[in-house]
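There are 2 protein chains.
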Amino acid sequence: MRIACIVVCIVFLFSGLQAEEGMWLLNQIDRLNLEQQGLKIKTTDIYNPGGVSLVDAIVNLGGASAELVSGNGLLLTNHHVAFGGVQRASISADDYITKGFFAATREDEISAPGYIARVLLEMKDVTDEVVAVLKGIDDPVQRRRAIRAKIQSMTEAIEAGREDISARIAEMFEGRQYMLFVQQSFEDVRLVYVPPQSIGNYGGDIDNWMWPRHTGDFSFLRVYMAPDGRGRKYDKENVPYKPKKWLKIATEPLREGDLTFILGFPGRTNRYRTSYAVDYALNHLYPRSIENYKEMIKLLEEKGRENPVLSRKVAGFVKGLNNSMKNYQGNVDGMKANRFLQKKQAAEKELRAFIEKDAKLKSQYGDVMDAFADLYSRQLSESERNDILSAFGRMSGTLPGIANRIVYNAHQRSMEESERDPNFSEKDIDRSLQRLRFTYMSYDEGVDKMLLRRTLLKAGELRETSPIEGLEHILRDDASVEEYVDRVYGKTQLSDMAVVAKMYKATLDELSASDDPLIVFALKLYPDMEARRKADEKREALLSDLSRRYIEMIGHWKKSELYSDANGTIRFTFGKVSGYEPRDAVYYKPFTTLSGVIEKHTGNVPFDAPEKLQALHADRDLGRWLDPVLNDVPVAFTHECDITGGNSGSAVMNARGELVGIAFDGNYEALTGDWEYIPDMQRTISVDIRYVMFITEKFAGADYLLEEMGLR
Amino acid sequence: MRIACIVVCIVFLFSGLQAEEGMWLLNQIDRLNLEQQGLKIKTTDIYNPGGVSLVDAIVNLGGASAELVSGNGLLLTNHHVAFGGVQRASISADDYITKGFFAATREDEISAPGYIARVLLEMKDVTDEVVAVLKGIDDPVQRRRAIRAKIQSMTEAIEAGREDISARIAEMFEGRQYMLFVQQSFEDVRLVYVPPQSIGNYGGDIDNWMWPRHTGDFSFLRVYMAPDGRGRKYDKENVPYKPKKWLKIATEPLREGDLTFILGFPGRTNRYRTSYAVDYALNHLYPRSIENYKEMIKLLEEKGRENPVLSRKVAGFVKGLNNSMKNYQGNVDGMKANRFLQKKQAAEKELRAFIEKDAKLKSQYGDVMDAFADLYSRQLSESERNDILSAFGRMSGTLPGIANRIVYNAHQRSMEESERDPNFSEKDIDRSLQRLRFTYMSYDEGVDKMLLRRTLLKAGELRETSPIEGLEHILRDDASVEEYVDRVYGKTQLSDMAVVAKMYKATLDELSASDDPLIVFALKLYPDMEARRKADEKREALLSDLSRRYIEMIGHWKKSELYSDANGTIRFTFGKVSGYEPRDAVYYKPFTTLSGVIEKHTGNVPFDAPEKLQALHADRDLGRWLDPVLNDVPVAFTHECDITGGNSGSAVMNARGELVGIAFDGNYEALTGDWEYIPDMQRTISVDIRYVMFITEKFAGADYLLEEMGLR
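Line by line, the protein sequences give chains Z and D.
The numbering used here runs 1 ahead of the 1-based position in the first sequence.
The numbering used here runs 1 ahead of the 1-based position in the second sequence.
No lab work stands behind these hints: they were computed from the structure.
Just so it is clear, CB atoms sit at the ideal spot from N, CA and C, and this is done for glycine as well.
Please note that the accuracy of each hint is not assured.
[To be verified] Pulled from the structure, derived: some chain Z residues nowhere near chain D, Cβ distances all over 10 Å:
# : residue
1 : Ala104
2 : Leu437
3 : Val587
4 : Lys601
[Claimed, not checked] Straight-line distance between alpha carbons at most 16 Å, and here's what the computed EDC-like set of lysine to aspartate or glutamate pairs gives:
# : chain 1 : residue 1 : chain 2 : residue 2
5 : D       : Lys590    : Z       : Glu582
6 : D       : Lys249    : D       : Glu708
7 : Z       : Lys699    : Z       : Glu600
8 : Z       : Lys337    : D       : Glu600
My request is simple: use the sequences and hints to build the entire structure.
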């Protein structure tokens, strides 16, 4: 197979890549020289297709990561990963977030609704079968659609007849490779031990992203299955899941310099983007979004000051805007500080020169970089207009967003399958309907009107240069935008959820007959929205094609083993336990300690260490979890593994494949880590397994869990 | 001499005191085992009464410290010490603060108005002569007055006939010792080289108190004298001062662990306070002041938002309040974090037990601690009322403060000398008159009324428990405080500076005839103010007496060499160059570097490194100032010396007595350092002499200064 070959066959030159960079596919790990790095087990002990290996103890938990630690389905993950389940379990019972949850016996374990634990059954390269459908198709959009259809039919065939089996075929290296992952799903996940928030979320938002960190970010859950071994929803008859493999808790102390490795499910990285993509993000997308969000936050906060009820209603929305804004700002700051764009540009100059001087490569790839430049320059020219159209999702108010969704549903249904948005699905409509209740919880007419008005005024400013035909009837009208918005909200019925629920399933004809002004609005806007969607689909197809060829170029150039960008599939990463120097004259050590928890204690959330924890510290009642070198209980540590969002809850193992920690964050200094791995700065932050055990044994008194894990 | 004897004669037990703690008098340094600490010169090279030593190169510059570095009066101090002079020199010329100042030749040097350089001529113990006057006087107040008068007559005798000679007799160990310091003053100090603010104040308020630090906090000045060697004001005929001794710039690189010592003029410490004083500050004075300042800042900021002109007017006042508030808050936080009160209490318990078990000591000192307790408990009971009275200085508005001063002046003048406030002096009235212009610059009627109203309302709340007789006519009135304030400001003439200037010299009779409502107000309030002043004088006399006995108790108990609290007199302190661990998992290294300056650069004040500095860094044009171990130019360093405010600009010397740096700050983690020296945490922050030389040579191109300092 030609396409996959470069990945597999390239001579492995270690010098080409930093030892610790890389989120590796499992079938790459025997090419990573791990023995030389200090690995004390065989790579087949980690991943062994057809046999049993550590991978069998690794669980995908709702997009995040978790690991089995006993033969009875006991599961460890982060407190913040279990948080949603704990929250939902608290609605009808006690406040388990604040107090924590402790099942004294197996019977006391309670359901963590909404969680699905997925265990990997099989993984294989299916590139040949998938790309076979491309024969004779040249148009990039049609190629993408063909691949999509092929993948759908392949996965449906595997899933047929087994509700607990799910298949996914994931694109690697922008389509150079396709990997099949078959998983078994278990929808009965229960709470076993969750520490109080004053341990599990100690430091809260203030310490988020930060090192030194003192968060006991762990929780114990348990996976249940039907007595016949199938996965199913919560049922009293269900029994604990019996895994093929579970992780052993390390008993030798972890030390600075020790090798660690992680198995988990990193979500998304951008490591193979061109300088044009970086330029677009750094100088256009991020600053524009920051500006935009800042303005919205200001407006929402002003409105909120007038009205405390409203303030609570939109709190989640504002928090989300704030979070994104901070993340974007962190990326902008980081990229600037690291001169990331300049480095990318310099590297591309070398890459271009390398391609230029080989006639064959030049004929194959000579056009790629200019095509990228062209693509991003066109994207930039359309960006202001596209921002307006995108804003009609949520950013221009709840009701306009719903109206557009209703019209979109009806239009898509009325179309031939081959013309439809490939993302359209009836399943999605159902899910969206189920979420309507939450959507309306944060609806406020005043805020809605303000947001719609704002977007329309922005559209008005673009009328000369980039008009949006479907808005002309408003902007051209004699009546001002202000009056239009008042009129629309005075008449629309969409604030009634029952009306909307019906309209979600309405046909185009039924909608055309409606005189609801927001439906009229959305029908007029639809042609612009659809044209934009089609343009996006085409751009993405071209970008994907170019990106695949770009990675091929890098393969030829670097001649070293490459890893595919993260995409939520299981990955392996390794690196040493080590501190770092965040700035001049400052050194961060790799371990924090229980004394540090007490040092940060102020008595106020999020620095409100429980009294019992303070007493254990004061009495030096640390049991076997005291590290003689630190002369304290280690709480968290930093290491050079390469992770991102989705890795939360991942098992961190030592050279012997024993569990030494649970990954839960990256450090602030490497906020741009999704774009670029900086060896001196990028660290994974993990809670030390000794703190997990110390809290479980000495603080919670859950000795039986330690016994279950084989510690006594 | 009995009293001084304990200080001198106690057996020196090194274990009793941390090596680095202590601001030592010069006559104590040969008892500090400095050779054992690594000192490579003799203690007589540092201080040699009658001979020549390093002390002769140390200069008191307007209360701060400086050092002579050439035979032609070249003086090094901090940028922030020279700041006022640079500012004043900038008024009629260029903006030397922003751009810096560089005299290309000696003729280009310009006056730094307002600066007085004082060189020590003689220092001696005059305890016997001073305390002789106490014979037969028992009343503590009279004893203090007698000492004061004696000191005044002794110093006046020395100063007689020489305008450039000033004498000071300083009380040490709360009156156990009196030291005479005779100094020669030079009022002609000129600017030589001042780096731009973007070097000299790099990091500004944000980095203030902080380590790691990257401030090039130095300036070169020159001291001039009359051709006959006397000190005098600026005169064209003046010539550079020829010191007996000047410091040699170190050429060997300073390293972690090296011994350093400092000669300078620390201002004020509270190292010998009782737990009662700590309790009063920590739990009453500081929190009350913080609350009070916070409220005032809020009020002033609210007013300022309405009116930008006003906002600028009160900016200085608000900044001052903010500074004090932050300092108090830092002290409260630090004392709590270090459990300072608890430690003091525990130590006092031991001290009491030690005194109790020796019958002689018990009879001498058995009453001391209880007397302290009593004194502070009385102070506390009067504190709310005293706060109100104190507030009529400045915190209740500019005009009421001026009115009280006018009435005070007239009253004091009318009294017998023996009854007068010992702090009263005609000189002071003149100085205060000269400053009136500045006082009025920040005057605003609206703010003034708000402040007076606020204090009166507070006084109203105390009417039941602690009435102030002189305010009863307002608070008892039917008219509300609001109306009173409006009426007063509607009629008073005190907003006219010319009126006030005349009233400053008015007699009591003249004032009694005035119908200015603020003069009427102050006349009615005066008896309360005077009674409070008398009570304070008595309390201070008692406290001073108790404090002297408390130090004697500590002397008996500790049997180790003690140092007197700082009081602006010249002191010696030593300690190693060393980093520290500010919190769990964080280590601060002892040296910052030029790369750190560039790392902090954002282009915005206060992180706006000059382009030329950036270029020197980028081109690695570091000359001989590159440290091979750091592979960079060191900028600042931390060491274990024990300093406080007033030490700014002090010479930092190495084991060979060569200049290695200039002290300019303490670290945030030791903000409580004036109360307690914590060896693991307290550090002096000094600018490295290599950065001073690098900037002077490579950035400013002032090679001639290096030549003058003997470097070529």
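Original post:
Among the hints numbered above, which are violated by the structure, and what are their numbers in rising order?
Top reply: Violated hints (numbers, rising): 3, 4 and 7; every other hint is consistent with the structure.
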